[in-house]
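Mind docking chain B on chain A? Use the hints.
Chains as they are written, first to last, in the working numbering: chain A, 1 to 79; chain B, 80 to 406.
Since the hints were derived computationally from the structure, they do not count as laboratory data.
As the structure is a computational prediction, the values presented were derived from the model and not from experiment.
Once the Cα atoms are required to be at most 30 Å apart in a straight line, the calculated BS3-like pairs of lysine-lysine come out as:
#	chain 1	residue 1	chain 2	residue 2
1	B	LYS376	A	LYS18
2	A	LYS35	B	LYS285
3	A	LYS12	B	LYS285
4	B	LYS379	A	LYS35
5	A	LYS69	A	LYS18
6	B	LYS144	A	LYS18
7	B	LYS256	A	LYS2
8	A	LYS12	B	LYS376
9	B	LYS376	B	LYS256
10	B	LYS144	B	LYS285
11	B	LYS144	A	LYS12
12	A	LYS35	B	LYS144
13	B	LYS285	A	LYS69
14	A	LYS35	B	LYS376
Covered stretches of chain B (chain A as the covering partner; in silico rule of three or more C-beta atoms under 8 Å from a C-beta of chain A):
#	stretch
15	139–148
16	272–284
For each residue, glycine too, the CB sits at the ideal point set by N, CA and C.
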Amino acid sequence: MKVEVFGTGCAKCHLLEKHVAEAITETGVAVEMVKVDDIAAIMSRGIIFTPALAIDGETKVSGRVPSVKQIRALLTAGA
Amino acid sequence: MKALVFEPWQAAVDWFTYSVLELSPESHAGSALNFFIFETVKIFILLVAIIFAITFIRSFFSPEKTRAWLAERKGSTVVGNVLAAMLGIVTPFCSCSAVPLFIGFVEAGIPLGVTFSFLIAAPMVNEIALGMLWGLFGWQIALIYIVAGELIAIAAGIVIGRLGLERYVEEYVYQIKVGPSGGPGEEPSMMDRLRGAWEASLDILKRIWLYVVIGIGIGALMHGWIPAGALAQYAGPGNPFSVIIAVLIGIPLYSNAAGILPLVAELTRAGVALGTALAFMMAVTALSLPEMILLRKVLKPQLLAIFVGVVGTGIIAVGYLFNWIMG
Numbered sequence: 001m002k003v004e005v006f007g008t009g010c011a012k013c014h015l016l017e018k019h020v021a022e023a024i025t026e027t028g029v030a031v032e033m034v035k036v037d038d039i040a041a042i043m044s045r046g047i048i049f050t051p052a053l054a055i056d057g058e059t060k061v062s063g064r065v066p067s068v069k070q071i072r073a074l075l076t077a078g079a
Numbered sequence: 080m081k082a083l084v085f086e087p088w089q090a091a092v093d094w095f096t097y098s099v100l101e102l103s104p105e106s107h108a109g110s111a112l113n114f115f116i117f118e119t120v121k122i123f124i125l126l127v128a129i130i131f132a133i134t135f136i137r138s139f140f141s142p143e144k145t146r147a148w149l150a151e152r153k154g155s156t157v158v159g160n161v162l163a164a165m166l167g168i169v170t171p172f173c174s175c176s177a178v179p180l181f182i183g184f185v186e187a188g189i190p191l192g193v194t195f196s197f198l199i200a201a202p203m204v205n206e207i208a209l210g211m212l213w214g215l216f217g218w219q220i221a222l223i224y225i226v227a228g229e230l231i232a233i234a235a236g237i238v239i240g241r242l243g244l245e246r247y248v249e250e251y252v253y254q255i256k257v258g259p260s261g262g263p264g265e266e267p268s269m270m271d272r273l274r275g276a277w278e279a280s281l282d283i284l285k286r287i288w289l290y291v292v293i294g295i296g297i298g299a300l301m302h303g304w305i306p307a308g309a310l311a312q313y314a315g316p317g318n319p320f321s322v323i324i325a326v327l328i329g330i331p332l333y334s335n336a337a338g339i340l341p342l343v344a345e346l347t348r349a350g351v352a353l354g355t356a357l358a359f360m361m362a363v364t365a366l367s368l369p370e371m372i373l374l375r376k377v378l379k380p381q382l383l384a385i386f387v388g389v390v391g392t393g394i395i396a397v398g399y400l401f402n403w404i405m406g
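So that you can see chain A by itself, here it is in the shape it has in the complex (with noise of 0.2 Å):
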């Protein structure tokens, strides 16, 4: 599984980045996490509005950061 994580380093993004290797932590699912933070990169994902997270390459979150319990929902439900 691939999760990615969009922002253009705002003190929300580094917070997502926290809850994200949170939640790979305590679900123990074999994930690998990528950080974008290069704005053309995020826009030609179609994501205009930052921290933004993506499973797998599909956007599941953006605007706000998701909580650790959230993102543990969003990780075992794609595993």
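The following block gives chain B in isolation, referenced to the frame of chain A:
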């Protein structure tokens, strides 16, 4: 200015501070403590109500939808400016997404002036400012703040649009292509919306509660120790420079908007003119230094300066107009 529903609460706080703690209503400490307990609870109740209401309404307006909507109506620009400023209230916004939103709007063919109307209204008319204003000044002032903020966003957007400043947008912005939105497709249910709004409200409160408490705390000290009207001779309606100075002080203060409003409320009690206070609040929310640093990524310095100049002028005009009406 106290809402009727809070009268029993005021009575309870009076009983606690003056009868249980035996502080005198005339003493500095008694007056400050009474104010602190009453205001903290009242403001948090109003903040929860307003933040929840706005985050719920927001679940119907995603930035993607707003963008598609404005792009369809690119022909008539003044209508576009009005729509963009109104959508700015209900579309979720944080300064960290100012850059991708700006590029997304420009790429969709939305005129520059309309994009700016949105970018000005979105941070200025926000749920935290409205909740605090309602709690501290009453709903009338909160409403005036919304109307004035919207007018500034519309007027500034029209001016920037007419000036034809497209060449002052960084070139790379026009090269970026926005891919098809792979956003969450299905419409959330009503329960999802309510639950989402509640979680978002708690998130916001968690982020701002300490600022609010500290702000009311300092406001309470001012309430107890600074007599009403003490500042009137310096910053009252009679001082012609007060609005300009207030706007200049307000620009670097963005991150503490929640904490700064209780102080502003106390300053008006001490005699600072309401228009001056209103202008200060608008400068704090609409012209923030961190947001300008972010916008510099997409705007050349000339356009950034024009943006600050036009919005700043609008805010100053509203401040003077309001001082003049009230005076």
